[in-house]
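Visitor: Guided by the hints, dock chain B onto chain A, whose structure is given.
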Amino acid sequence: MASFEGFEYDVLIVGSGAGGGMSAHILTEAGIRVLLLEAGRDYDPVTETPMFQQNHEAPLRGVSTSDKNFGYFDATVDGGWQVPGEPYTEADGTRFMWWRARMLGGRTNHFGRLVPRFTPEDFNMADRDGLGENWPIDYDEVAPWYDRTEKLIGVSGTNPGLEDTPASADGVLQPPPKPRVYELLLKAVTDKMGIPAVPMRRAVITQDLDDRKACFYATGCGRGCSIGAAFQTTTSLLPWAQKTGNMKLVTDAMVKEVHVDENGRASGVTFVNRLTNEDIRVDADRVILAASACETARLMLNSKSALHPNGLANSSGQVGRNLMDSLGADIGGFIPALRGRPKYNEDGYSSNHLYIPWWDNAGQKDGTLDFTRGYHFEVGGGFSSPGMGVASRVDGYGKRAKDEVRDLYGTGINLALRGEMVQSDNCYCEIDEDVKDKWGIPVLKFHWQWSEQELNQVAHGLEWGKKIIEAMGGIVNNPDATPEQAIKAGGQIIHEVGTTRMGDNPATSVVNQWGQCWDVDNLYVMDGGVFTSNPHKNCTLTILTLAMRNATHLAEQMTAGETA
Amino acid sequence: MSTVYNPKMTRRESLKRMGSMTSVVMIGGIAVACEAPEPEATAVDASSHWPDLDFAAISENGYGTDPSMISPTAPWPRTLSAAQLDQVAVLSDIICPRDERGPSATEVGVPDVIDEWVSAPYSSQHRDRVQILNGLQWLDEEAGRRFGSPFVAASDAQQIEIIEDIAYRDRRDIPEFEHAVQFFARLRRLVFGGYFTSPEGVADIGYIGNVPIAGDYPGPTDEAMAHLNQVIADLDM
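As given, the protein sequences belong to chains A and B, one line each in that order. Here the working numbering is used: the first residue of the first sequence is 1, the next is one more, and so on. Here the working numbering is used: the first residue of the second sequence is 1001, the next is one more, and so on.
One chain only, chain A, in its complex shape:
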């Protein structure tokens, strides 16, 4: 058994976000001892979350800056599109944005908590269109793990019975909050159009759950949640794992290399202590990588040895390949009929109460549509806390302009398209041998190119988003935007997955269905890197679910003495 600073452990985990946090929880509950290394600093949402702070209390009224890309009060620590001293590069012609956080709990502290499930068909989309690969597992295999994960993290929502919204088992979901005026107006319109608008599933609890309190419908979830209503690993999985006494947590530990023994099996890691800048080598019997899809791929590619000359567990050459994000595009506007509407507290739980799931599978199957993968619309609007853009539509000056700002407040509407891209050989990351970060670790270089599939999908979304807003009596902001203009950069939706994909074939995949590396049987990947495809359902729930399933499998094997 390996040990570090007097603590003996069975498994070393890299990363404390969704995948690492869930792995730590499952293993420690099974009595397995875990050393958890997190690159970022320690973080305590109970004392550090800006609950109730208002824009006027922040510098620059809380707007986004290069220091805080999602605004002052966003939970992200030492991160964003750039991490100081830790660059990445883009190939010529590539636009790729990579969001990182350097904090305990990683990006779970600020994510949107939108947690739709994949559908049965999502696991086998290559059967539909011949693009990409099928998953090595199917929905029936994963469904009970979805149920367990949803029950554990706390999910509110419903089972509307649509093709795009597979049902959870009875008793799993908590009730969603009531929809708000702009969402009800949208639903009135989409009902007529034959398009569904249903409660979004969110990892936000509306009823108390263990020691976490129900949402009290104030302050944005992106700030983090000190009462634990909005799921993040730092108020749930990680403290639970700590409580077992089976985990030692080391923060500010940036892992730079995984070592192997003479048989090519993982034997430990070297991490940089970010506070002292010293390299520390620790042993391990088993290693779980959950550093995020791209960071895990980087670590594997940087871990070269005689037996792994192309990077660790990379005999397939697939590490870093098959990188996928969600498509993103915004269709926004305003609804004149909502001018001066009656005020009420419209905070709700800050993100979608209703959303529009994908509604036209049939059109894809019969060839009516010129793209094969689906998307959904997330709905934004409402009487939100006023920000510096509050007067963006107003002209003139004086009393009349001031009244116009008041009148237009709460009339905005935004449909955010989130779509599935097709796996592509043109989208990947590799090591940039010419650039190192401040710790001396070679950085990632990204390659990215949208295909016709994605542009056609965005064209469809722009057309239908426009139709929906116009049916609401709305004025669309940029009615003539082209798909090329509207589509967000690769990575910008922060759903990057696929860089260590799972499969049935060691020649074309990096891990098996259990997240275990084909080439290195004591090395596991438990983050989004294992995704074989990237359905438009926001990825965190499936990262958590696969980590729960696969860490449980590992724990069972270890308990039964079936692994080394």
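These are computed hints drawn from the structure, not numbers from a lab. The structure presented is a predicted model; accordingly, all values stated were derived computationally and were not measured. There could be a bad hint or two in this list.
To be verified - EDC-like, lysine to aspartate or glutamate: derived pairs with alpha carbons at most 20 Å apart:
#, chain 1, residue 1, chain 2, residue 2
1, A, Lys-343, B, Glu-1223
2, A, Lys-399, B, Asp-1156
3, A, Lys-304, A, Asp-519
4, A, Lys-399, B, Asp-1165
5, A, Lys-488, A, Glu-452
6, A, Lys-187, A, Glu-378
7, A, Lys-187, B, Asp-1222
8, A, Lys-213, A, Glu-48
9, A, Lys-187, B, Asp-1236
10, A, Lys-399, B, Glu-1100
11, A, Lys-192, B, Asp-1236
12, A, Lys-343, B, Glu-1200
13, A, Lys-248, A, Glu-29
14, A, Lys-399, B, Asp-1216
15, A, Lys-399, B, Glu-1161
16, A, Lys-256, A, Glu-433
17, A, Lys-438, B, Asp-1066
Guide: Same frame as chain A, but now just chain B:
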């Protein structure tokens, strides 16, 4: 210069004080924290003047990538001169005057917000800094050209005469006002943004969230639902 902008001043008081310090404003001019030339109002080509002054980026530290969430502070020094601050104050209250529903921009400290904004070491704030400082200079040049005085020393009517020329987007098509219209649009966003994010402005606009609710989220009020139902009924579907 002995006077500083006082966020609690009303526009009327502010203007009165401006009048008494005109000569100071003239001497202080706009050349602050930059190598701007003294305004030479009478020498400017009336048809297409825009100062187009270049301003070095602020090199102070920002608040960093891990600032305190609980006790936020903006660490950078403010850079507007007293004269610029007074000019911003006058403009703020022209844009956002006191009315029956709320106070004026200066009453809630908007010029301070703008000072913090244009002094910030971030790229988008720097773009605003260049636009706004040029705009302030342009206003003085324009007032000098038309009335022989800096902007704040001009009468209310004279100030409004200039503002009317630059306050509307469609004025952008007039070459002589193109830059000034863009400047004013930017300033308007900042002024209303500063006002409606202030506690008084938040109350004025009717944002009543950010309070904890025990139990279920109540959803729309009966009044809000009645309004919605009328909107739906009026839709041509």
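Visitor: Between the alpha carbons of Lys-399 (chain A) and Asp-1156 (chain B), is the straight-line distance 20 Å or under?
Guide: 15 Å, holds
Visitor: Can the restraint linking Lys-343 (chain A) and Glu-1223 (chain B) be considered satisfied, given a maximum Cα separation of 20 Å?
Guide: Roughly 9 Å separates the two Cα atoms, so the pair holds.
Visitor: Take a quick look at whether Lys-399 (chain A) and Glu-1161 (chain B) sit within 20 Å of each other, Cα to Cα.
Guide: 16 Å, holds
Visitor: Lys-488 (chain A) and Glu-452 (chain A): Cα distance at most 20 Å?
Guide: 15 Å, holds
Visitor: Starting from Lys-192 (chain A), check that the Cα of Asp-1236 (chain B) is at most 20 Å away, please.
Guide: Cα-Cα ~11 Å, so holds.
Visitor: Take the C-alpha atoms of Lys-399 (chain A) and Asp-1216 (chain B), compute the straight-line distance between them, and say whether it is at most 20 Å.
Guide: 39 Å, violated
Visitor: Taken at face value, is the distance from the CA of Asp-1236 (chain B) to the CA of Lys-187 (chain A) at most 20 Å?
Guide: 15 Å, holds
Visitor: Is Lys-399 (chain A) close enough to Asp-1165 (chain B), meaning Cα to Cα at most 20 Å?
Guide: 17 Å, holds
Visitor: Can the restraint linking Lys-256 (chain A) and Glu-433 (chain A) be considered satisfied, given a maximum Cα separation of 20 Å?
Guide: 15 Å, holds
Visitor: Quick one, are Lys-213 (chain A) and Glu-48 (chain A) close enough, alpha carbons at most 20 Å?
Guide: Cα-Cα ~17 Å, so holds.
Visitor: Given the hint that Lys-187 (chain A) pairs with Asp-1222 (chain B), does the C-alpha gap stay at or below 20 Å?
Guide: 18 Å, holds
Visitor: Hint check: Lys-187 (chain A) vs Glu-378 (chain A), CA-CA at most 20 Å. Holds or violated?
Guide: Holds - the C-alpha atoms of Glu-378 (chain A) and Lys-187 (chain A) are around 13 Å apart, at most 20 Å.
Taken one by one, the earlier hints fail for this structure only at number 14.
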